[in-house]
Amino acid sequence: MASIRAEFTKGLWRTIPPFRLVLGLCPTLAVTTTGINGMGMGLATTFVLIFSNLFVSLLRRFIPTQVRIASFIVIIASFVVIVELLMQAYFYQLFKVLGIFIPLIVVNCIILGRAEAFASKNDPIRSLADGLGIGLGFTLSLLVLGSIRELLGAGTLLHYDVAHPGFHVMWSSFEPFAFMLKPPGAFVALGILLAFMNLISQTQAQKGGGR
Amino acid sequence: VRGIIRMIVVLTVIGAASGLTLSAISGATRAPIEYQSIKFVKEPAVKKVLTGYDNDPILERTTITVGTDEQGKGFHGTIGVMVGVSKEDEITEEAFTSRFKGQPITGEIQVDGISGATYSSKGVMSAVNEAVGYVTKFKQELF
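Protein chains in written order, with my numbering: chain A, 1073 to 1283; chain B, -3 to 139.
No lab work stands behind these hints, which were simulated from the structure alone.
Don't take each hint at face value.
[Unchecked claim] Quick look at which bits of chain B chain A covers, simulated, 3 or more residues with Cβ under 8 Å:
no., region
1, 4 to 10
2, 15 to 21
3, 27 to 35
Glycine is no exception: its CB is placed at the ideal position from the N, C-alpha and C atoms.
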């Protein structure tokens, strides 16, 4: 039991993507213009990650090593198409905003990375825990990154569409940094977050006598 | 050789299973996807040309197959026009310009073009006329 919990929680801080693994940066930087967009992308990725991990783990004894990458990609691609269809059917506006980045989940290194490095070597339960942990960590990261960019770039929080404009949290004379919503703003926000996280880890390590 | 056969079998089975699942899911989501795309792409235009309805125009729609969407020829590509027709055979408020409003739908509709946009004006006019032609043709089924 303890090891299953460890597989789950490692994705939430110790190896939280994209900050610790610095993988899957393409969707991270591209879609996090608002918190909701980031969260939508994160949840879509989590869905694919959980199921691809589960199936790769279940089939790991049947798949010959020479064709494992091809098999993993077929499995991942199937779940990406499923998530794309479901989003189109039930979250059309989010689907419109995320656009090309949903099909591109297929080539997200985090998913193939977990399939290759973890699920193909571990049993289904641990693989599920790993997928859930990494996926929720990714969702959390994208939500935080998106919210920071949205707050500074537009002055709102949790903006979804015209009908759900979210909360205006900044003071009335606040002039938004339009820069934060542009690609360079994504890099700056990601860099600052990364620096903060490293600072926290460093302080913790010094307190604990170094890890 | 046995290894190669095994690879072929495993990849084929995975591919076939994935294809089957995807076609089932695609079939199951076809109706909601169609509903969503009409709702978010066309309903804003429908709202402009028809006022005062209180039903869901997408759920209670009548589909008549006459080919593809009719679009007028514009200066650069095609023009899509949403035309609303009242039961009194008059064109209701129209999304592109109000010049068409109140025109009876019997016969060819002619309105003044906009100078500087002759080609586009003609395109819109021809699109409206095409739409009106279909309404006249399929009147029995519609009302």
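Evaluated hints:
no., hint, verdict
1, 4 to 10, "holds (count 3)"
2, 15 to 21, "holds (count 3)"
3, 27 to 35, "holds (count 5)"
Consistency with the previously given hints is maintained throughout, with no hint failing.
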